[in-house]
Amino acid sequence: MSIFIELTEEFNQDGLRTIISSGQAVVLHRLAMMSRDGDWIVRENQAALDHILLVLERHGARYRFGAPLEARWLAGGWSAHLEFRDPKGLRVRTDFFSRPPRLSAPDLARLWEEQEGREIPFLNLRDLVLVKMTQREKDYPIIGELSRRLPDPESQLLFSRSARDLLHLAAAHPDLTTRLTEQRPLLALASGGEEEPLGAALDAERRRLIRADEQRLEGYATAAAAWAAAWPSLFPRLSGLPLRAAHRTMCEAAQTQLPFQP
Amino acid sequence: MSTPPISDQFLSEDDLDLQNLTWDELLAEWDAWLRAASSTDEEDADVYSHGVFLREPRTDK
Numbered sequence: 001m002s003i004f005i006e007l008t009e010e011f012n013q014d015g016l017r018t019i020i021s022s023g024q025a026v027v028l029h030r031l032a033m034m035s036r037d038g039d040w041i042v043r044e045n046q047a048a049l050d051h052i053l054l055v056l057e058r059h060g061a062r063y064r065f066g067a068p069l070e071a072r073w074l075a076g077g078w079s080a081h082l083e084f085r086d087p088k089g090l091r092v093r094t095d096f097f098s099r100p101p102r103l104s105a106p107d108l109a110r111l112w113e114e115q116e117g118r119e120i121p122f123l124n125l126r127d128l129v130l131v132k133m134t135q136r137e138k139d140y141p142i143i144g145e146l147s148r149r150l151p152d153p154e155s156q157l158l159f160s161r162s163a164r165d166l167l168h169l170a171a172a173h174p175d176l177t178t179r180l181t182e183q184r185p186l187l188a189l190a191s192g193g194e195e196e197p198l199g200a201a202l203d204a205e206r207r208r209l210i211r212a213d214e215q216r217l218e219g220y221a222t223a224a225a226a227w228a229a230a231w232p233s234l235f236p237r238l239s240g241l242p243l244r245a246a247h248r249t250m251c252e253a254a255q256t257q258l259p260f261q262p
Numbered sequence: 001m002s003t004p005p006i007s008d009q010f011l012s013e014d015d016l017d018l019q020n021l022t023w024d025e026l027l028a029e030w031d032a033w034l035r036a037a038s039s040t041d042e043e044d045a046d047v048y049s050h051g052v053f054l055r056e057p058r059t060d061k
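Heads up: the protein sequence lines correspond to chains A and B, in order.
The end of the first sequence is residue 262 by the numbering used here, with every number in the run present.
The end of the second sequence is residue 61 by the numbering used here, with every number in the run present.
It is worth saying that the hints were derived from the structure and are not from the lab.
Source: prediction; values computed, not measured.
Incorrect hints may have been included.
Claimed, not checked - Derived DMTMM-like pairs (lysine to aspartate or glutamate); straight-line CA-CA distance at most 20 Å: (1) A:138 - B:25; (2) A:88 - A:203; (3) A:138 - A:83; (4) A:138 - A:203; (5) A:138 - B:24; (6) A:138 - B:44; (7) A:88 - B:8; (8) A:138 - A:214; (9) A:88 - A:57; (10) A:138 - B:8; (11) A:88 - B:31; (12) A:88 - A:205; (13) A:88 - B:29; (14) A:138 - A:213; (15) A:138 - B:41.
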């Protein structure tokens, strides 16, 4: 059994509170194993977050640097990070956020609705593609394979990372390709049937996406500067405390050091 | 007989083979992968893979 599946079941006991995201969702889509960390989209209400803290406390988890697992910070897009060692010594890193990047409020509402009742809730292909549009180069091959599995040609045309795939799609669906060109301008090159300029446009698009995510994270880094400076002196005060007690200390300190909104 | 179109390959054959595993095999493989990958834990102990923080500030752990 994967520790991430076990945790998800514990987090979601008696109600859907978490959805597996990013690297572990990629595994559940049976694409690749590339991430050692588990990350979850969480309900943005304190009762759900308190349950997650209780589960993590039972595992002996401690906070890493990050925001407190509290709705006021998560609503600002912040992420919370905790870790523990399982009985066999595996370091289990757990990351939580309630506002995944690039998913709109309607996307999120639909996501929670569609995952309700699922035995193992995890991000669907389209939402996973959006979450994976990060500052890291290594996420783009994953997007390339995820896009191939999207269920309809419209989504494939909007997200494919392969010039050849796009040429085939454009040839098979010319009207749809033309209609989507406003949303994704490089599709004009797919309609034209030329692989080289399309490949160059895909590279440029990837670099733009990477830069956009870097800029997003730079905003958070700037807003967290005081919190980062305070962390080395706060961390020893949290050590040895049961997680929920550490959480209260963390919230108290963060109130003056980490703005709710970046 | 027509030739299949040339296609880009983004991931390795090993990665793509996950589709052929049973659920129990996938869980076993996943657990084994995590434990094998943990051998490099110390190299990136302060680095984050997800969320809005990139690196943990230095502390005397």
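Hint-by-hint comparison with the structure:
With a CA separation close to 26 Å, the supplied pair residue 138 of chain A and residue 25 of chain B exceeds the 20 Å bound. Among the hinted pairs, residue 88 of chain A with residue 203 of chain A is inconsistent with the structure: their alpha-carbon atoms are about 43 Å apart, more than 20 Å. With a CA separation close to 24 Å, the supplied pair residue 138 of chain A and residue 83 of chain A exceeds the 20 Å bound. Of the supplied pair hints, the one linking residue 138 of chain A and residue 203 of chain A holds, its CA atoms being roughly 13 Å apart against a limit of 20 Å.
Restraint check for residue 138 of chain A and residue 24 of chain B: the C-alpha separation of about 28 Å exceeds 20 Å, so the hint is violated. The suggested pairing of residue 138 of chain A with residue 44 of chain B holds, with an alpha-carbon distance near 16 Å, which does not exceed 20 Å. In summary, the hint linking residue 88 of chain A to residue 8 of chain B is not supported, as the alpha carbons are separated by about 40 Å, beyond the 20 Å threshold. For the suggested pair residue 138 of chain A and residue 214 of chain A, the alpha carbons sit about 14 Å apart, so the restraint of at most 20 Å is met.
Our distance criterion of 20 Å between C-alpha atoms is met by residue 88 of chain A and residue 57 of chain A, whose separation comes to about 18 Å. Under the criterion of a C-alpha separation no larger than 20 Å, the hint pairing residue 138 of chain A with residue 8 of chain B is consistent with the structure, at around 16 Å. A threshold of 20 Å between alpha carbons decides the hint, and for residue 88 of chain A with residue 31 of chain B the separation of about 11 Å falls inside it, so the pair holds. With a C-alpha separation of about 43 Å, the suggested pairing of residue 88 of chain A with residue 205 of chain A is violated against the 20 Å cut-off.
Annotation: proposed proximity of residue 88 of chain A to residue 29 of chain B holds, straight-line Cα distance about 16 Å (limit 20 Å). The suggested pairing of residue 138 of chain A with residue 213 of chain A holds, with an alpha-carbon distance near 14 Å, which does not exceed 20 Å. A threshold of 20 Å between alpha carbons decides the hint, and for residue 138 of chain A with residue 41 of chain B the separation of about 19 Å falls inside it, so the pair holds.
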